[in-house]
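Q: Let the hints inform the model, and build the full structure from the sequences given.
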Amino acid sequence: MKGSDAVSAVGAFVFAIVAWKVVVVLSGLPPFILPPPESVAGRLAEAVVEGTIAPHLGATVVEIILGFSVGAGLALLIGYALARSALVERLLSPYLVAAQAVPILALAPLLALWFGPGLLGKVVICALIVFFPVAIATMVGFRSVDVGLLELGRSLRATRRQVLTTLEIPAALPNILGGLRVGVTLAVVGAIVGEWAGAERGLGVLVNLARGSLFDIPLMFATLVTIAALGIALYVLVVLAERRLVGVR
Amino acid sequence: MTSSHRPLAAVVALGLAASVSGCAVGVASPSSTPSIVPLTVGLGYIPSVQFAPFYLAQQRGLYRDAGLEVTFQNKIDPDLVTLVGQGAIDIGLADGTSVIPAVSRGIPIQYVASIYRTFPSIVFAKASSGIADAGDLAGTTLGIPGRYGSSWIMLQALLESAGLSPDDLEIRVYPDFGQGVAVENDAVVAATGFVNNEPVQLELAGHEVVVLRVDDFVPLPGPGLIAGSRLIEQRPDAIRAFIAATLEAMGQIVDDPQKGLDASIASVPDLAQNREAQSAVLAATIEAWQGDDGAPLGTIVRMDWEESIGYLTRLDLVPTAIAWHQAIDDSLLPGG
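For the protein sequence lines, the chains are A and B, in the order given.
Going by my numbering, the letters in the first sequence line up with residues 1 to 249, in that order.
Going by my numbering, the letters in the second sequence line up with residues 250 to 585, in that order.
Hint data in this document are derived by calculation from the structure and do not stem from the laboratory.
Take the hints with a grain of salt, since some may be wrong.
Stated by the list, open to error - Facing chain A, from chain B, some residues (calculated, C-beta under 10 Å):
#1 P327
#2 G334
#3 P568
Stated by the list, open to error - Which chain A residues stay away from chain B? Per the calculated CB distances, all over 10 Å, these:
#4 N175
#5 L230
#6 E242
To be verified - Sample of chain B residues lacking proximity to chain A, with all beta carbon distances greater than 10 Å (derived):
#7 Q322
#8 D382
#9 G412
#10 G455
#11 A493
#12 P518
#13 L582
The beta carbon of each residue, even a glycine, is placed where N, CA and C say it ideally should be.
A: Below, the structure is given as structure tokens:
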């Protein structure tokens with residue numbers, strides 16, 4: 001990250017905190033509706049030190065890693081098949097769109113029932129929510145490969161594998177990584193939704209506990225901040241991978 | 250965003266804040282009291298026969314005769330506590346065990362009438378399990394939706410009454426609330442539940458059931474009516490009238506449960522699909538409305554609240570010390 005990027009990021013963060021504080025002061029909202037940022041920061045520090053956050057964060061991260069790996073992995077395969085086979089596209093597209101049209105929030109309780117309240121259900125929910133954007137980005141990426149280049153490859157008697165690794169994947173990679181950027185943030189959403197549908201541990205559970213059982217609204221906000229930070233961290237990881245693989249876009 | 254949009258965004262943000270703020274304090278002043286007072290009342294999330302008194306009072310015009318225009322909303326308990334505190338809902342039905350930590354956290358609500366005078370959260374098992382008291386739970390398996398809320402508080406208290414702790418048994422978590430089915434299928438020996446729900450269903454399925462209650466050890470406060478402190482200050486008569494009408498309806502249902510069942514079915518027609526089960530749930534609910542002390546419906550026992558606050562403090566659920574009079578206001582009960 002360049003120095004100017006870092007300055008912009010810090011500036012935006014400071015602006016958001018100041019705006020939050022201004023709204024708290026001007027609105028006069030009580031802390032149980034909108035706690036001030038310093039109270040949330042204090043509670044976050046306390047929760048980290050006393051070990052409240054770590055086990056929940058760990059559970060959510062495991063769900064995200066597994067769900068994202070499964071969802072994105074399948075999406076890469078299906079996305080390639082969609083790009084290269086009109087038959088596969090005709091057969092699968094309606095189901096993919098239908099699956100995407102049903103809100104994951106409505107599906108989550110059903111999936112929790114089918115796969116149980118354990119890790120598997122969360123991984124499935126995560127994988128489902130990650131799948132569509134990555135599959136579509138993969139399909140678009142492979143379809144955008146220059147036909148002239150493909151013909152050149154064939155005329156040079158390149159094998160299918162050589163065409164794939166030297167022409168198609170490098171050309172599709174920017175689109176695929178764009179899909180992964182969206183997918184990785186959605187994976188966070190999937191994990192939290194899965195935890196809301198039923199779990200013993202996870203940041204989604206901690207939000208519910210803080211809100212409903214403890215009425216600890218600063219802790220609830222602190223957990224939301226943690227979720228947001230996790231999403232940003234994962235997004236940055238994909239961006240860094242993208243810069244390494246295809247350069248700055 | 251262009252610079253010309255920035256002032257607009259600021260106005261929208263401030264307007265939003267002001268409107269939310271308005272919600273939080275949006276109680277009409279006493280001087281503008283109309284002849285009919287509108288009240289928004291929050292009940293539990295799923296319309297049920299357990300809310301029969303509210304349906305009956307509405308249908309029989311008890312609220313209207315008391316000068317109230319009551320609108321019901323179905324919300325989950327945690328949301329109700331906050332919404333009542335913020336003034337978005339006037340009166341709610343919430344767990345007493347939620348009220349204590351909420352008040353301790355500065356949410357301005359008070360418990361104004363008991364609905365369940367017997368704590369409805371219990372541990373149950375098949376009678377064939379051989380479990381007869383809390384001590385028998387040692388070494389067994391027990392299902393619970395999660396380590397939170399009134400069930401978890403009750404379980405800790407119940408186990409403590411027998412000198413046990415949750416570590417003395419195998420606790421299996423059923424976040425999907427499948428612990429009742431787990432007992433029926435012998436996946437666990439016992440489970441937490443509500444006296445008017447899981448044990449009733451298990452009995453209807455043909456099993457003899459044993460129920461373990463916590464009331465003798467710690468008299469935990471069951472679900473009751475809560476109101477915002479500001480509303481209590483500004484509209485005590487409206488709350489008093491609502492409580493009186495609701496208790497009147499409860500009394501009528503105690504005398505004639507069929508009235509409650511009919512009123513519930515009139516409000517929630519789906520309940521008619523299984524009258525036998527609904528009737529059994531209502532019977533168990535009516536029993537839980539009444540305490541063992543023979544006191545009138547709705548009675549709040551101050552000493553019980555003192556004990557409960559002390560117990561919840563020991564469980565680290567009361568971060569800021571509170572006194573009973575901060576959590577309850579029994580002056581709005583009939584004769585209060």
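Q: What are the numbers of the hints the structure violates, in ascending order?
A: Structure breaks no hint.
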